[in-house]
Amino acid sequence: MAVSDGIRQRAATVQRPGLRRARRRNAIAGYAFLAPSLFGVACFLVLPVLVVIWLSFQSWDLISPARWVGLDNYRSVLTDGVFANSLLVTLVFVVIVIPVQTVLGLFAATLLTRGLPGSGVLRTLYVLPWICAPLALGVVWKWIFAPTGGALNAIIGHRVEWLSEPQLALPAVCAVVIWTNVGYVTLFFMAGLLNIPAYLLEAGRLDGAGPAALFWHVKLPLLRPTMFFVLVTSVISTFQIFDQVYALTGGGPQRRTDVVAARIYYEAFESFSFGRAAVMAVILLVILVAITLAQQLYFQRRITYEMD
Amino acid sequence: MAKRSTVIAITVAAAVVIVGAVGAGVAVLGSRDTGGAAGAKGDTTVTVRVWDEQVASAYEQSFQAFEDKNPDIDVKLTVVPWADYWTKLRTDVAGKSAADIFWVNNSYFADYADNGDLLDIDKTLGSDAKSAWAPSVVKQFTRNGSLWGVPQLSDAGIAVYYNKALLKDAGIDPASLENLTWSPDASADTFVPVLQKLTKDAAGHTADDADFDPASVTQYGYNAGNDLQAIYINYIGSNGGTYQDGDRFTFANPKTVEAFQYLVDLMNTYHVAPSAADTNQNGDFSRDQFIQGKMALFQSGLYNLKNVADGADFDWGVASIPAGPEGRVSVTNGIVAAGNAATEHPEATKKVLEWMGSAEGNEFVGASGAAVPAVTDAQPVYRSYWENQGVDTSKFFDVLKNGTIPAPQGANFGAAFGAYGPILEDVFAGRVPVAEGLQKAQDAANAALDG
Numbered sequence: 004m005a006v007s008d009g010i011r012q013r014a015a016t017v018q019r020p021g022l023r024r025a026r027r028r029n030a031i032a033g034y035a036f037l038a039p040s041l042f043g044v045a046c047f048l049v050l051p052v053l054v055v056i057w058l059s060f061q062s063w064d065l066i067s068p069a070r071w072v073g074l075d076n077y078r079s080v081l082t083d084g085v086f087a088n089s090l091l092v093t094l095v096f097v098v099i100v101i102p103v104q105t106v107l108g109l110f111a112a113t114l115l116t117r118g119l120p121g122s123g124v125l126r127t128l129y130v131l132p133w134i135c136a137p138l139a140l141g142v143v144w145k146w147i148f149a150p151t152g153g154a155l156n157a158i159i160g161h162r163v164e165w166l167s168e169p170q171l172a173l174p175a176v177c178a179v180v181i182w183t184n185v186g187y188v189t190l191f192f193m194a195g196l197l198n199i200p201a202y203l204l205e206a207g208r209l210d211g212a213g214p215a216a217l218f219w220h221v222k223l224p225l226l227r228p229t230m231f232f233v234l235v236t237s238v239i240s241t242f243q244i245f246d247q248v249y250a251l252t253g254g255g256p257q258r259r260t261d262v263v264a265a266r267i268y269y270e271a272f273e274s275f276s277f278g279r280a281a282v283m284a285v286i287l288l289v290i291l292v293a294i295t296l297a298q299q300l301y302f303q304r305r306i307t308y309e310m311d
Numbered sequence: 121m122a123k124r125s126t127v128i129a130i131t132v133a134a135a136v137v138i139v140g141a142v143g144a145g146v147a148v149l150g151s152r153d154t155g156g157a158a159g160a161k162g163d164t165t166v167t168v169r170v171w172d173e174q175v176a177s178a179y180e181q182s183f184q185a186f187e188d189k190n191p192d193i194d195v196k197l198t199v200v201p202w203a204d205y206w207t208k209l210r211t212d213v214a215g216k217s218a219a220d221i222f223w224v225n226n227s228y229f230a231d232y233a234d235n236g237d238l239l240d241i242d243k244t245l246g247s248d249a250k251s252a253w254a255p256s257v258v259k260q261f262t263r264n265g266s267l268w269g270v271p272q273l274s275d276a277g278i279a280v281y282y283n284k285a286l287l288k289d290a291g292i293d294p295a296s297l298e299n300l301t302w303s304p305d306a307s308a309d310t311f312v313p314v315l316q317k318l319t320k321d322a323a324g325h326t327a328d329d330a331d332f333d334p335a336s337v338t339q340y341g342y343n344a345g346n347d348l349q350a351i352y353i354n355y356i357g358s359n360g361g362t363y364q365d366g367d368r369f370t371f372a373n374p375k376t377v378e379a380f381q382y383l384v385d386l387m388n389t390y391h392v393a394p395s396a397a398d399t400n401q402n403g404d405f406s407r408d409q410f411i412q413g414k415m416a417l418f419q420s421g422l423y424n425l426k427n428v429a430d431g432a433d434f435d436w437g438v439a440s441i442p443a444g445p446e447g448r449v450s451v452t453n454g455i456v457a458a459g460n461a462a463t464e465h466p467e468a469t470k471k472v473l474e475w476m477g478s479a480e481g482n483e484f485v486g487a488s489g490a491a492v493p494a495v496t497d498a499q500p501v502y503r504s505y506w507e508n509q510g511v512d513t514s515k516f517f518d519v520l521k522n523g524t525i526p527a528p529q530g531a532n533f534g535a536a537f538g539a540y541g542p543i544l545e546d547v548f549a550g551r552v553p554v555a556e557g558l559q560k561a562q563d564a565a566n567a568a569l570d571g
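Line order of the protein sequences matches chains U and D. Take the first sequence: its position 255, counted from the start at 1, is 258 in my numbering, and no numbers get skipped. Take the second sequence: its position 416, counted from the start at 1, is 536 in my numbering, and no numbers get skipped.
Simulated from the structure, these hints should not be mistaken for lab results. Since this is a predicted model, take the numbers as computed values, not measurements. There are no misleading hints in this set.
In silico SDA-like pairs for lysine to any residue, Cα to Cα no more than 20 Å straight-line:
hint, chain 1, residue 1, chain 2, residue 2
1, U, K145, D, D404
2, D, K560, U, S79
3, U, K145, U, Y249
4, D, K414, U, A149
5, U, K145, U, G160
6, D, K216, U, P68
7, D, K414, U, A157
8, D, K189, D, E467
9, D, K196, D, E480
10, U, K145, D, N402
11, D, K414, U, W146
12, D, K414, D, D404
13, D, K560, U, A87
14, D, K560, U, S274
15, D, K560, U, R259
16, D, K414, U, A154
The following block holds chain U by itself, in its conformation from the complex (with noise of 0.2 Å):
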């Protein structure tokens, strides 16, 4: 303590323009540090959105010269339902997804760690679809979705028009991405109901919890830290579902599947319409943005990283 004290008293000393100095040093070596990070995120971010959002002010077709037309993309985007009913379909698809697989995938979990026999084989089944290319999972559940020869309609004996029944569809989508992801929300909510520690658990036990109250009191407030990584990063990647989209259905029937990632898509580089494609992109990343503040506020009081 007595060699630090010095220290300080003896920077206390030096002159103020020498210790500005030395502080402009470390904050140039500290951005030099930073700088190959800080070029990737200006490079691939920061650019990018400043680009989307000029874009979103132009008519542009990619090949004839961009046209200022000032509010008029946004206007359209706004008015001619289209977006909207994007937005809703999009809605709609994050209320299915999001519950079904958020408590799948802790269901799963919770007798995964149960280390009953298979669990590791179970384990791996599980992140399988996950890892696969969405794309060419999309292609081979549309050949088990397809109304005439497809593998589903053929078990249970019957013809449904899976992907070209308006009212049936979007469920459709939902059921593939639900299954893609199970897996991957299982891994998270395995590796934080590993972490609880013994101790805890113990203690409820003694204290007379069953299994349910043991769940819904220790387990359950214990796995906020991992809920609020699951939830933040499943909203975010349900909102911009696509792959699943594109090969199952290409937004239709009726547009009744048309993700608002999607439809940025088929607006982009089917109409090549990429004002407008630019205008949907920045109000998604609104959206986006406040979604994950308002996780971002009401997780905040209620996680607990310490668990020792």
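Once you have looked at the hints, place chain D on chain U.
Then chain D, alone, in the frame of chain U:
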């Protein structure tokens, strides 16, 4: 702490959005092809891009012959599948990384021509060059007084492939197919009864039987459906309707509505064609059914001849399309090789285009039977190839004598198609009344053109 995690959260959200939304397109498009793989020193490489594998293999031989004559030019051919072709072409032209020569079709060439991305063929090869090429294709790709590509393929007209065994089982003489008439007026129609006899369910009931079960069809009569070139534009033409007036869409034309109504009835009332759920998003469904022997009549063009000849292991023949109230009116369509106006090797590109437009260069396409050459002098090779195979292709050509309906055209077709495509799917699926759906499709398509 809270502040930093907020920043991180925003950053993560923003990163995911940008990478997801903007990057998705790039990911789907895949990598661009490289143009700089020159062979020996001093060689110029000319890149060519097409979407058809069958024709590409004929082109390989053609370019080999070209390279033998022009040792200083290296031609590099790339095949981009149809599903990604127009998206990829658009981004490559925008990024100045498109091939020196690329195929364009009727629907999409106008945007590039209007924007100055294509070489004016009249200026590049001289305005006399076109006399060697199929007039219908030249006409189709002439816009604002100039020709915008060297004609390569001509699809001739549309005809009907039939399965001889299935016709025989139903007691229908193939020769009688030539007398069939379709009409919105049921009393004048002789087509539906034939199709009903050719459609069967799992229990063997034909479609005109009261016990027929539309949910378990095992043999389709015909491929009525959401297929512009093979089906509906010909029905529109045969009924005296129109598809476009100039660049504007005219789906709501009463004659056009009648034609669509007839097709939708074939699918959803008479059940003699696969359902829209099978065909709306799978353009090859009907062709595959025919090749597997599960469809009696398959209306299509010469673009499927090679597939049918190679795939079908039963006896088949070709008949004319059914005559409508205005007779048999077919679409005819061509494909041209367009020169990239931004090419770095204008001289070499000109030489390759000249070769592709010569009878000698274009003949390879016909010699393998892959497609009809659009260079008039190269066409006999195609016919003789199929004659040697025992296939008579005359029905595809004869139908053009009765008059044609123009193929889709005009600027901004992609946007229009994006707008009306989903509505036509609804029409064929029977989810919206035909007249109402077509009015909506027309309004949406024209609004998209005005963009």
